[in-house]
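Visitor: Chain order of the listed sequences is A and R. Numbering-wise (full-length UniProt numbering), the first sequence opens with residue 1 and increments by one. Numbering-wise (full-length UniProt numbering), the second sequence opens with residue 1 and increments by one.
The set of hints was computed from the structure by calculation and includes no laboratory data. One or more of the hints may lead you astray.
Same chains, same names: a pair is fine if it fits in one copy or spans any two.
With a Cα cut of at most 25 Å, we get these calculated DMTMM-like pairs of lysine to aspartate or glutamate [to be verified]: (1) K46 / E148; (2) K137 / E125; (3) K145 / E50; (4) K44 / E105; (5) K46 / E138; (6) K44 / E148.
Computed from a predicted model, the values in this text were never measured in an experiment.
2 protein chains.
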Amino acid sequence: MAKDMTLLWGSGSPPCWRVQIALEEKNLQGYNQKLLSFEKGEHKSKQVMEINPRGQLPAFKHGNIILNESYAACLYLENQFKSQGNQLIPEGAADVGMMYQRIFEAQTLAQKIGDVLYYNWKVPEGERHDSAVQRNKEGLKAEMKMWEGYLQGCSGFLAGKSFSLADVIIFPVFAYFFQNGGSEERYPNVAAYFRKLKDRPSIKKTWPPTWSDGRGQEVLKDI
Amino acid sequence: MAKDMTLLWGSGSPPCWRVQIALEEKNLQGYNQKLLSFEKGEHKSKQVMEINPRGQLPAFKHGNIILNESYAACLYLENQFKSQGNQLIPEGAADVGMMYQRIFEAQTLAQKIGDVLYYNWKVPEGERHDSAVQRNKEGLKAEMKMWEGYLQGCSGFLAGKSFSLADVIIFPVFAYFFQNGGSEERYPNVAAYFRKLKDRPSIKKTWPPTWSDGRGQEVLKDI
Chain A
1 MAKDMTLLWG SGSPPCWRVQ IALEEKNLQG YNQKLLSFEK GEHKSKQVME INPRGQLPAF
61 KHGNIILNES YAACLYLENQ FKSQGNQLIP EGAADVGMMY QRIFEAQTLA QKIGDVLYYN
121 WKVPEGERHD SAVQRNKEGL KAEMKMWEGY LQGCSGFLAG KSFSLADVII FPVFAYFFQN
181 GGSEERYPNV AAYFRKLKDR PSIKKTWPPT WSDGRGQEVL KDI
Chain R
1 MAKDMTLLWG SGSPPCWRVQ IALEEKNLQG YNQKLLSFEK GEHKSKQVME INPRGQLPAF
61 KHGNIILNES YAACLYLENQ FKSQGNQLIP EGAADVGMMY QRIFEAQTLA QKIGDVLYYN
121 WKVPEGERHD SAVQRNKEGL KAEMKMWEGY LQGCSGFLAG KSFSLADVII FPVFAYFFQN
181 GGSEERYPNV AAYFRKLKDR PSIKKTWPPT WSDGRGQEVL KDI
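Chain A with its partners taken away, still in its complex shape (with noise of 0.2 Å):
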């Protein structure tokens, strides 16, 4: 039981997802939670403030130890709960080297895949350019070419043979991918590892509660 944590956390965050994931993977279970709606601007509300005062989601605490970012408390739960539920880390030096760099590389592919989907929402109205959104896709539609052939022959992991902080991070990525509208013929590589993965347990049970009615807006329909 992991009664002395505490997780808020947003229905399709794919950084809220990992760390639920993380939490089921090591077999932490019975944490405090509270789902919120970004919709009602409850990110920004007093009790995400007081964990996270940069008013965002996940807010994440063990005990007073806080861990809002979402990289930080995977690798904080790994590193902390080594041997308690699945093992996050591979045992080879190639599994581990393959594993962070895909890790970070995702960054890459999160920010691309935000810069198309929230680009009104980030961009004052003054100053929007088509040419600016036509660039965001094009970058988009290149680095998902390049995890397409990264996944090339996957055994149905990213890193390794067996699950790993790769999958716990990079997964919610790919599932947010398809969820607005991502195409899964264009990305045979991709989709056939999202597939794989995505009746895994610890995956299944923290499915984004506001995904349940099937696919979003079909914004990265193009891509």
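Keeping the supplied structure of chain A fixed, place chain R upon it in accordance with the hints.
Guide: Quick look at chain R alone, frame taken from chain A:
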């Protein structure tokens, strides 16, 4: 000796520098290395692309294991050489948590510095707006104030009482801020942290050679 490692790097790049610091701290000297010029476009050269298809520096490999993402390289080196050189992950859970949390918050800091420094390089001429420039500056000021608060009463290290991966990764970002004209007066805690660490052997030995003539352009002087 680390003859099975190769680092292609550029002077003054915080991502390159942190890998050099990590190598020194882990007592991994004697690696193959080559200083390349961003100005001459050498980061897009064949020798870089063979290791790093993204055409970015650092390009780093250990044997056949490729770690081009600087955070990945640092975490990998600590993971694979735990008992060699200085231990870069603290002992206690509180310090471990603080280390990871700060490391990932620093990505926001680095991004906000980049938003200001590289605006004209990133944004095509016809898409530039003074309002965006101003917003980026305000964003960096707010971020720096946050770090100024974090470093209130700092013992000299970012996480706990000893040098850790947080310092390896974040020191070069603060150094970069000051090198580009950032104010030591407005951020005295950050400046004190910078001065405490700048003569540490691993840092001094790897100081960017192009910085030896003093500060660069004062682009960040208003921040």
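Visitor: Is the C-alpha distance from K44 to E105 at most 25 Å within one copy, between copies, in both cases, or in neither?
Guide: Answer is between; shortest inter-copy Cα gap is 18 Å, intra-copy 29 Å.
Visitor: Could you place K137 and E125 in one of the four classes (within, between, both, neither) given a Cα distance threshold of 25 Å?
Guide: Both, since 19 Å and 19 Å are each at most 25 Å.
Visitor: Between copies, within a copy, both or neither: which fits K46 and E148 at Cα up to 25 Å?
Guide: between (41 Å within a copy, 23 Å between copies)
Visitor: When Cα atoms must be at most 25 Å apart, do K145 and E50 count as within-copy, between-copy, both, or neither?
Guide: Classified as between; 18 Å across copies, 40 Å inside a copy.
Visitor: What label fits K44 with E148 when the C-alpha limit is 25 Å: within, between, both, or neither?
Guide: Answer is between: at 22 Å across copies they meet the 25 Å cutoff, but 36 Å inside does not.
Visitor: I want to check one pair: K46 and E138. Are their C-alpha atoms no more than 25 Å apart within a copy, between two copies, both, or neither?
Guide: Only across copies: K46 and E138 sit 23 Å apart there, 39 Å inside one copy, limit 25 Å.
Of the numbered hints listed earlier, not one is contradicted by the structure.
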